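As a plain string of letters, each chain reads:
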Amino acid sequence: MIRAIINGIFDLVIGLVNVILSPIDSLISQFLPSINDVLNYIGQFFNWVSNFISWLCSWLHFPNWFISFTIAFWVFSLSVPFVIHTIKLAVSWYDKLKV
Amino acid sequence: MRMHVGFSFNIKNILKYIIVGVLGLLVFLGISKVNAAEISVDEISAGDGNNNYIYCNSGFNNYCPSSFNPYSPPYTEYAPIRYINFDFINSLTANHSYTFDIVFQIDHPVSLNDFEQDSFTFWPYSGSQLNDTTIVWNQQNTYEYQTGIYTSYFHYRGQFSPSVSSNGFYARLTLEQNESVFGIIVLSAQLVDDDSGDELINANYENTQNIINNANSNTSNIINNDNSNTQQLIDNQNNLLGDKCSNLLNYSNYANAFNGATIVSINDNSISINSSSAWGWLQYEIPTTIGDVYYVKGNSLTSLVGSTPLIQVCPDRDCVNMYYSYENNGSFSSSFAASSNITYFRLFATKGVANQTSIYNNVLFSSQNTSFCKYGSTLSKIDTTNQSIQDINDTITDDSIDLTSGSDFFDDFEDENFGLSGVITAPLVAIRTLNNGANCSDLSFVVLGKRVSFPSGCVLWSRVPSATETIYFVIVCGFLSYILVTRLFHTINSLKDPNKSEVKTLDL
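Same order as they appear, the protein sequences are chains B and L. For the first sequence, position 39 matches number 39 in the working numbering, and the numbering has no gaps at all. For the second sequence, position 239 matches number 239 in the working numbering, and the numbering has no gaps at all.
Incorrect hints may have been included.
[Claimed, not checked] Between beta-carbon pairs, the in silico distance windows are:
no., chain 1, residue 1, chain 2, residue 2, range
1, L, Arg451, B, Ile5, 33 to 39 Å
2, L, Lys450, B, Ile24, 47 to 53 Å
3, B, Ile87, L, Ile475, 36 to 42 Å
4, B, Ile84, L, Asn341, 58 to 64 Å
[As the list claims (entries may be wrong)] Simulated coverage check for chain L against chain B, where a stretch passes if three residues somewhere in it have a Cβ under 8 Å from a Cβ of chain B:
no., region
5, 285-297
6, 432-441
7, 445-459
The set of hints was computed from the structure by calculation and includes no laboratory data. Predicted model only: the values in this text are computed from it and were never measured. Backbone N, C-alpha and C define an ideal beta-carbon position, used for all residues, glycine too.
Start from the sequences, fold in the hints, and give me the full structure.
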């Protein structure tokens with residue numbers, strides 16, 4: 001379930017980025033094909049990196065729950081403190097403005 | 001397969017056997033206590049026959065006379081004695097036979113061949129000397145303790161039967177002549193009530209029988225009560241789960257006559273109609289609930305003389321669709337499921353009397369045993385509840401619901417691994433790939449025009465024993481999980497610090 005949610009979130013973000021950048025990509029591929037090729041090579045490299053990650057996981061043989069837990073931990077560590085401190089910052093601004 | 005053996009292994013029998021066993025143990029202990037009862041020696045005294053008794057202190061192991069110094073031999077003093085008196089505190093029951101055993105030690109200055117006694121007599125505290133005392137056994141062993149000092153051990157066994165009850169008794173050993181002694185010590189004394197054992201056994205047996213009888217009676221009562229309660233519960237449950245039947249006459253308010261027929265009378269047994277037509281009928285419009293199952297049943301159904309009753313159960317007023325139709329005399333029963341809130345239940349006089357066009361005041365339906373029934377509503381509710389539970393279980397155990405619905409939603413967002421968007425979303429793709437876990441496919445790429453392939457680790461791990469795999473999980477994943485949890489707690493704990501505003505960021 002956690003893995004599905006995380007995958008869904010990433011799919012959502014990736015999909016939104018694709019939607020937003022699709023006009024730009026179309027312009028680049030239409031008018032700057034060489035740059036488009038470079039970008040495609042870069043994208044293929046990242047694909048290879050993704051495959052390498054999967055291959056590495058096959059050798060490390062980490063169970064799925066552990067991988068999901070690790071990613072969930074990082075998602076929590078990167079998101080929750082950020083939200084908390086943002087709220088703190090907003091409160092401190094409010095206090096200063098109130099004075 | 002149910003196997004029946006002679007020993008019924010249930011809690012009631014076990015309790016009964018425990019009670020009997022405990023009682024048997026008590027009986028055994030009681031008999032043993034009687035047979036091994038030691039009596040207390042209150043006082044030992046000895047005298048020379050001239051009322052010059054020298055008394056000792058109470059209890060065992062007291063030398064007499066006390067002025068002697070028996071613990072510091074050689075003895076320097078001795079006393080001539082003719083009688084040895086023992087005072088025993090022990091209750092005696094009148095007309096009981098007692099066996100008295102006593103072992104005592106006498107230290108004396110000269111060698112004695114025998115303490116030839118004249119008699120060994122007994123006196124109850126209350127009452128006179130017992131004349132029926134007999135000495136049944138005695139034994140004497142004499143040893144020379146040291147030169148000039150002898151120690152003799154005596155064991156006497158006597159029997160007596162007091163005529164009155166008493167709280168104690170005296171025993172006197174009368175010597176044939178005066179003997180010189182340094183001291184006397186009683187080593188043991190026992191008094192056995194030869195009759196109390198049988199009485200105790202009988203009493204215990206009687207008590208045992210009483211308790212067993214009470215236990216059996218109570219057990220029987222419990223069983224009967226249990227059976228009664230169980231039967232009552234079964235009856236109540238049957239009542240709850242059973243069919244709900246009401247006599248059709250109770251629905252007389254829902255009865256209407258049709259086709260020239262009119263209701264003449266409604267009494268406890270029948271409904272009578274008049275009809276100007278041979279096809280007049282009585283129709284009930286009984287409220288029902290859609291989906292519930294009903295049925296009608298009747299015994300000894302009768303109708304007009306010379307006619308055959310026709311019963312029709314219909315979901316509609318005109319009986320276009322018919323649940324059930326029955327045309328006969330006698331008993332009948334049939335079930336149907338209501339498809340509307342009103343079920344029409346018709347009673348026809350289908351075949352009127354020959355050449356008669358009118359029916360006057362004839363009993364159309366005269367069976368007080370005819371009922372309109374509803375199958376157990378509780379049962380149907382239970383079935384509904386069980387079905388709901390089953391549905392919930394199916395929903396819970398169906399893992400595909402959440403995953404599929406989630407995937408369907410997110411699958412609409414297509415990613416494109418090309419161009420600028422592919423570069424920007426590459427880290428997210430990498431993380432998503434990591435989240436999906438291992439991919440058991442070889443890693444291959446082209447180097448200098450040749451394809452190089454690295455095998456997947458799944459091949460190796462598929463050959464590793466499960467125990468080794470478990471150890472690996474525990475050690476590696478357990479250790480790493482511990483680190484992650486520790487850091488997670490540290491992160492959460494740091495949120496409480498108002499002065500700490502450090503925020504981790506992932507540089508994408």
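Hint check results:
The hinted window of 33 to 39 Å between Arg451 of chain L and Ile5 of chain B holds, with their beta carbons roughly 37 Å apart. A C-beta distance of roughly 37 Å is found between Lys450 of chain L and Ile24 of chain B, which places it outside the suggested range of 47 to 53 Å. Range check, Ile87 of chain B to Ile475 of chain L: about 40 Å between beta-carbon atoms, so the 36 to 42 Å window is met. Separation of Ile84 of chain B from Asn341 of chain L is about 60 Å and conforms to the stated range, judged on CB atoms against 58 to 64 Å.
Counting residues of the region 285-297 of chain L whose beta carbon lies closer than 8 Å to any beta carbon of chain B gives 0, which falls below the threshold of three, so the coverage claim is violated. Requiring three or more residues with a Cβ within less than 8 Å of a Cβ of chain B, the coverage given for the region 432-441 of chain L holds, as 10 such residues are present. Figure legend: the region 445-459 of chain L, annotated as covered by chain B; annotation consistent (5 residues with Cβ-Cβ distances under 8 Å, at least 3 required).
Against the hints set out earlier in the document, violations occur for numbers 2 and 5.
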